[in-house]
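Undergrad: Listed in order, the protein sequences are those of chains A and B.
Each residue of the first sequence is one higher than the one before, starting from 0 at the first, in numbering that gives the first Met the number 0.
Each residue of the second sequence is one higher than the one before, starting from 0 at the first, in numbering that gives the first Met the number 0.
You can take every hint at face value.
Which residues of chain A face chain B? A partial, calculated answer using Cβ under 8 Å:
| id | residue |
| --- | --- |
| 1 | Ile35 |
| 2 | Tyr93 |
| 3 | Val101 |
| 4 | Ile110 |
| 5 | Ala203 |
| 6 | Ala205 |
| 7 | Leu478 |
Taking CB as the label site, the calculated pair distances span:
| id | chain 1 | residue 1 | chain 2 | residue 2 | range |
| --- | --- | --- | --- | --- | --- |
| 8 | B | Glu135 | A | Leu178 | 46 to 52 Å |
| 9 | A | Leu543 | B | His153 | 48 to 54 Å |
| 10 | B | Glu147 | A | Phe66 | 33 to 39 Å |
| 11 | A | Ser408 | B | Pro193 | 56 to 62 Å |
| 12 | B | Arg24 | A | Arg469 | 29 to 35 Å |
| 13 | A | Gly119 | B | Asn203 | 47 to 53 Å |
| 14 | A | Lys262 | B | Glu36 | 40 to 46 Å |
These are computed hints drawn from the structure, not numbers from a lab.
Think of the CB as a built atom: it goes at the ideal place given N, C-alpha and C, for glycine as much as any other residue.
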Amino acid sequence: MEGPHDVLVVGAGCAGMRAAIEAHDAGADVALISKIHPVRSHSGAAEGGINAALGNASDDDPEKHAFDTVKGADYLGDQDAIQVLCDEAPEDVYQLERWGAVFSRTEDGRIAQRPFGAAGEPRTAYAADITGHVLVHVLYEQIMRRDIPTYEEYFAWKLVVDDERCQGVVCWDILNGGLKTIGAKTVILATGGAGRLYTGTTNAYACTGDGMSMALRVGVPLKDMEMMQFHPTTLAPTGVLITEGCRGEGAYLLNSEGDRFLKRYAPNAMELASRDVISRAEQTEIDEGRGVNGNVLLDLRHLGAERIIERLHGTRELSLVFAGVDPIQEPIPVRPGAHYHMGGVDTDLWGQTSLDGLYAAGEVACVSVHGANRLGGNALMETITYGKRAGRHAADWALTHTTVEVPPSVEADAEHELKQLLDRTDGERPWQIRDELAATMHQNFGVFRREDQMQEQGRIVERLRERFERVVVDDKGTLFNNDVTQALELGFLLELADCMVVSGLARKESRGAHARPYDYPNRDDENYMRHTITRLDASGRPQLDWKPVTVTKWQPMERTY
Amino acid sequence: MTEAAVHTEPQTLEVALKVWRYDSRTGERELVRYEVEAPDWVTLLDVLDIIKDRVDGTLAYRKSCRMMICGSCGMRMDGAAVLACRTRMKEIVEAGHVPVISAMGNLPIVKDLVVDMEPFWSKVRAMKPWLQSGYEEPPEHEWRASQEQMNVIHKEALCIMCGCCVSECNSMESDPEFLGPAALAKGMRFVGDPRERNQVERLNAYNEEHGIWDCTRCYFCNERCPKGVDPRDAIAKLGAESIKHGIDHDMGAKHAKWFVTSAKTTGWLRETELVPKTQGVVSAIKQTKFAMGLLRHGKVPLPFPPHVAEEVDEARALYNVVKQQGRDGALGHVQGERALARIDHPDDAGAHGGQGYRDSPDITPGEPPVQRDIGEDPHGQQTR
Ligand SMILES: Cc1cc2nc3c(=O)[nH]c(=O)nc-3n(C[C@H](O)[C@H](O)[C@H](O)COP(=O)(O)OP(=O)(O)OC[C@H]3O[C@@H](n4cnc5c(N)ncnc54)[C@H](O)[C@@H]3O)c2cc1C
Ligand code: SF4
Ligand code: SF4
Ligand code: FES
Numbered sequence: 000m001e002g003p004h005d006v007l008v009v010g011a012g013c014a015g016m017r018a019a020i021e022a023h024d025a026g027a028d029v030a031l032i033s034k035i036h037p038v039r040s041h042s043g044a045a046e047g048g049i050n051a052a053l054g055n056a057s058d059d060d061p062e063k064h065a066f067d068t069v070k071g072a073d074y075l076g077d078q079d080a081i082q083v084l085c086d087e088a089p090e091d092v093y094q095l096e097r098w099g100a101v102f103s104r105t106e107d108g109r110i111a112q113r114p115f116g117a118a119g120e121p122r123t124a125y126a127a128d129i130t131g132h133v134l135v136h137v138l139y140e141q142i143m144r145r146d147i148p149t150y151e152e153y154f155a156w157k158l159v160v161d162d163e164r165c166q167g168v169v170c171w172d173i174l175n176g177g178l179k180t181i182g183a184k185t186v187i188l189a190t191g192g193a194g195r196l197y198t199g200t201t202n203a204y205a206c207t208g209d210g211m212s213m214a215l216r217v218g219v220p221l222k223d224m225e226m227m228q229f230h231p232t233t234l235a236p237t238g239v240l241i242t243e244g245c246r247g248e249g250a251y252l253l254n255s256e257g258d259r260f261l262k263r264y265a266p267n268a269m270e271l272a273s274r275d276v277i278s279r280a281e282q283t284e285i286d287e288g289r290g291v292n293g294n295v296l297l298d299l300r301h302l303g304a305e306r307i308i309e310r311l312h313g314t315r316e317l318s319l320v321f322a323g324v325d326p327i328q329e330p331i332p333v334r335p336g337a338h339y340h341m342g343g344v345d346t347d348l349w350g351q352t353s354l355d356g357l358y359a360a361g362e363v364a365c366v367s368v369h370g371a372n373r374l375g376g377n378a379l380m381e382t383i384t385y386g387k388r389a390g391r392h393a394a395d396w397a398l399t400h401t402t403v404e405v406p407p408s409v410e411a412d413a414e415h416e417l418k419q420l421l422d423r424t425d426g427e428r429p430w431q432i433r434d435e436l437a438a439t440m441h442q443n444f445g446v447f448r449r450e451d452q453m454q455e456q457g458r459i460v461e462r463l464r465e466r467f468e469r470v471v472v473d474d475k476g477t478l479f480n481n482d483v484t485q486a487l488e489l490g491f492l493l494e495l496a497d498c499m500v501v502s503g504l505a506r507k508e509s510r511g512a513h514a515r516p517y518d519y520p521n522r523d524d525e526n527y528m529r530h531t532i533t534r535l536d537a538s539g540r541p542q543l544d545w546k547p548v549t550v551t552k553w554q555p556m557e558r559t560y
Numbered sequence: 000m001t002e003a004a005v006h007t008e009p010q011t012l013e014v015a016l017k018v019w020r021y022d023s024r025t026g027e028r029e030l031v032r033y034e035v036e037a038p039d040w041v042t043l044l045d046v047l048d049i050i051k052d053r054v055d056g057t058l059a060y061r062k063s064c065r066m067m068i069c070g071s072c073g074m075r076m077d078g079a080a081v082l083a084c085r086t087r088m089k090e091i092v093e094a095g096h097v098p099v100i101s102a103m104g105n106l107p108i109v110k111d112l113v114v115d116m117e118p119f120w121s122k123v124r125a126m127k128p129w130l131q132s133g134y135e136e137p138p139e140h141e142w143r144a145s146q147e148q149m150n151v152i153h154k155e156a157l158c159i160m161c162g163c164c165v166s167e168c169n170s171m172e173s174d175p176e177f178l179g180p181a182a183l184a185k186g187m188r189f190v191g192d193p194r195e196r197n198q199v200e201r202l203n204a205y206n207e208e209h210g211i212w213d214c215t216r217c218y219f220c221n222e223r224c225p226k227g228v229d230p231r232d233a234i235a236k237l238g239a240e241s242i243k244h245g246i247d248h249d250m251g252a253k254h255a256k257w258f259v260t261s262a263k264t265t266g267w268l269r270e271t272e273l274v275p276k277t278q279g280v281v282s283a284i285k286q287t288k289f290a291m292g293l294l295r296h297g298k299v300p301l302p303f304p305p306h307v308a309e310e311v312d313e314a315r316a317l318y319n320v321v322k323q324q325g326r327d328g329a330l331g332h333v334q335g336e337r338a339l340a341r342i343d344h345p346d347d348a349g350a351h352g353g354q355g356y357r358d359s360p361d362i363t364p365g366e367p368p369v370q371r372d373i374g375e376d377p378h379g380q381q382t383r
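Please put together the full structure from these sequences, using the hints given.
TA: Pasting the structure below:
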């Protein structure tokens, strides 16, 4: 056993690093584990910004931020959690600035803020179009400053549970090979999202929902797993994000007939309507045969070469490299792509899960701040504020509890399971299962959900899970073996897909990201203003349950913009 | 149907790659040729994925974001560092080229295309890379700083720590302890920060042996950086700031040291470089001769044509550009130097979409690429 540590943070994106810093400053012995180097975490890909009611650009306050978030969440967010986020956000953003974050500035030298979708005030603090990158690097600087030990390129695979407490993690050491068990009084999961469930996603290869599955496997429930947000402008074919800034600059969305189709869906806001509205409009056009090879077209040409080069340089580069399309000459093929998982590990306001000593923060968690639909800029804020809170609580808890016990059977069982996987030489390579899962999730559990398609997807996932039992890993070695971890990631994804289908079928209404226009087109507050909860039963199948939404002062209203 | 439709119709390519496989435990290495069918939009990273999935799962390389922001996928294509996810294959395949893929240079190889990044990070850590805002009482809210002040470090803040610059750094090849372009750019990120209070202490540290003066100004780092950080410019800014603060005046020592380094890295003495190296950049840059010195470091696309005498006008233009920029510390200096490198071939310098590729000698990873049997280099320059 390595360690033991007071606090072990699994994942080193914004949430994980912020948690580690807080736990360290609270006096705990803390360590980080990450399957990729911390600065490689997908938090670094966030472009737009981070929401806090600083009031630098308008007369804003946390109360307004909270209301926008409650409404944006389509009333599925827990209002106490949202209040905490919005109240603590300003100080947390100032803290990042004082650590050195290179924010863009106002005329008078304060942090600049810009308007963002569905926000009543310009409250998104930003660093040009590289906000996430800037935050990841400033947090890593603070990790280096504190000399916080990091188990780099360690793949966390299993949580150690003994005496009804989480007491560590079993990992695969990617660089040197071998299973390593790290003991800890508390474990904070901060492993990010699971966008890799879908063919077209803005998420990195590392976003495979590992933490959600690890928690699920030790009996910790997941919440609102059906809530996957689709972003309307992701680049075909791979799903790389094309910023909303294009539409902000005046780009048009066209169908195959060259028609600005949004006039039929959002005649006033047109291309500036909210994400879910545009995603649904695009999908309808594509489904009704007015798409172009499964895409619609984002047309920038009328903006002129000069403006494109000056303001949308990054977009042009992405489009050239990944689609071979120069937006000065041709429209960019885009489609809705999986972007953000509102659902995740069920936690309280301090990131605590139902298992003592186990915490979760960031995209892996579901507090729930985002409910059925996340507002742009709120995800980064959640990683910081709830990362901090989880770090604080875990440190306090660890400093008042003393022992760590890792029963030898834990390691032995893990070794045995891994050996079975590595010894298998006859069977299927994981990629086909992975690709089929992602393609069918896109097809059957995408922007729109139909009862029969969701049921079909349930059967598909079941079959894929069976095939996964016979999957073969090529690399049997111990030197930088990520062939084995990629297989384990697929195992995680399959379980999550199962939970999503079960929750999706149970929610017989349309709310936020869960759109069922064909059978339940309306929101049904009477029956479904509550969270779905999934757990695994003894046979490994998801079981459904419900949990009430916390309402403090905002009663549900119709959501119009 | 519109034009874009043509682009998204599934078309495939027959992609061939030669990959240097390597195992640091056994020392075994082998150049393996792979041929796969791939959609026409693939990047180098996508091709490696297809190989790993369908041909050989033991192939090792790093990846994550696949959108040029995480810095995982640095590797060499035909001997020059690239981000695999930023390198489109279509044009390469259509030109009938079979690129050679190998691990980045100047870092120990672990397996195949994976290098040990620890030497890289230890140098970054040596820069004390965190804001030191001194003992002043922190403000109630944020520090105040104008956008203009923050712009000084705009480019340095773009760095994704991919190591492409370090891979190609000439000085590091001869002196592995040289702090190197990425770490020094990180240093500039703090020296240039208006909120920083420890500039002088930092500059003193960065002026030590293996520090800023050990850079041979080959400009490889600027050329290979996929994010337009221009680390060489950052080093120049540190030099200018140092001189402004009266740090580094030991010319004799500098001269001697540079003499040795120059001979060591290039095999001959680059006289033109002695001037800037020993007198400091600021005074040197005022001599147009320095500008011409840039030409001598071969291997990079020429910033401007080599025949100095025939290009007097350009030389004058350069001189004027430099003069106009003023010489007051980092800002003025750097812009001058950037202009020098880019005045004639703006599209060749720094990071731009679409990467060129070169003829591919079979470079062996882990060894300095000394002898090449690729015949006469067209520019008569030293090539790597
Ligand atoms: C393209 C894009 C743009 C976005 N833009 C914005 C925006 O403008 N504003 C906003 O608020 N939000 C934005 N988001 C959302 C936001 O960036 C993410 O939700 C957030 O950054 C997630 O942070 P995290 O710390 O939870 O996870 P991540 O940053 O994904 O980090 C996960 C960490 O966990 C580690 N890890 C995972 N699995 C394991 C394992 N098994 N073992 C060990 N380590 C593991 C990884 O190595 C990594 O370090 C964007 C998202 C994307 C994809
Ligand atoms: S210019 Fe200096 S730092 Fe850059 S690659 Fe050349 S020697 Fe290295
Ligand atoms: S300076 Fe450029 S090449 Fe070097 S590490 Fe940073 S981004 Fe990569
Ligand atoms: S995979 Fe992230 S930079 Fe290439």
